[in-house]
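Novice: Per the UniProt record's numbering, residue 1 is the first one in the sequence shown, and the count goes up by one each step.
The hints are all genuine.
Pair by pair, the computed Cβ-Cβ distance ranges are:
| # | residue 1 | residue 2 | range |
| --- | --- | --- | --- |
| 1 | D190 | V215 | 17 to 23 Å |
| 2 | F204 | V64 | 46 to 52 Å |
| 3 | S60 | L224 | 31 to 37 Å |
Since the hints were made in silico from the structure, they are not lab data. All residues carry an ideal CB built from backbone N, CA and C; glycine is no exception.
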Amino acid sequence: MSPTRPLHRAPTKGDQPDVNVLIDNLPKILSGFWLTVQLLVVSGVVATLLGTILAAMRVSPVPVLQRAGTAYVTVFRNTPLLIVFLIVVTGLPAVGLQYSFFVRAIIALSLYTAAFVCEALRSGINAIQAGQAEAARAIGMTFGQSLRLIVLPQAFRAVVPPLASILIALTKNTAIAEVFGVTEASYQLDSLVRDFPTALWWLFAGIAIGYMIIVFVIAGGASLLERRWTVTR
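Construct all of the structure, not just a fragment, from the sequences and the given hints.
Specialist: Below, the structure is given as structure tokens:
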């Protein structure tokens with residue numbers, strides 16, 4: 001009597017070699033990073049614009065604007081980002097503003113990051129010699145004109161490294177959007193780890209490399225700008 005042969009078992013997800021899991025799911029991972037980059041770019045632009053306005057308010061000669069800018073920075077710098085997300089994600093629909101989770105994530109990230117951009121830019125403004133603003137007033141420039149034409153351009157040049165650090169922090173903060181269903185890179189990682197638990201370390205390595213590439217691009221761009229602006233000063 002011949003021995004019983006084992007029944008053939010259909011291959012499962014867990015049967016794939018670990019590195020093949022990463023390679024086979026690369027399009028899915030790249031789509032997640034593309035969404036992460038979109039969150040980073042849009043939120044970074046909005047936060048920079050809002051942060052610039054807040055910095056102008058904080059150095060304004062109008063006391064009401066100073067207090068409003070200070071209150072904004074104090075509230076958002078001392079509030080965890082997750083709480084900001086919860087307020088924006090649940091609060092906007094409550095007042096009748098129905099936006100996608102992606103848009104709500106951008107709003108939350110922008111509001112939070114703008115407070116840090118404001119403080120970095122304000123430090124750059126304070127580093128500029130007061131005599132330049134006084135000279136601008138002496139030739140008839142208004143506060144807004146001197147800020148826009150003389151002070152802010154120099155302030156941005158002085159705070160390139162801090163702004164780069166803020167953008168790097170924003171890159172990592174985009175991961176919180178996955179909690180609210182935005183299918184960015186961290187969301188894709190969690191999804192793949194659930195499907196392929198044996199490939200955990202390969203998946204972690206792939207996602208980590210993706211984040212490192214984004215960070216290196218930001219740091220490299222900031223270094224290039226800093227060197228270029230240093231030569232032109």
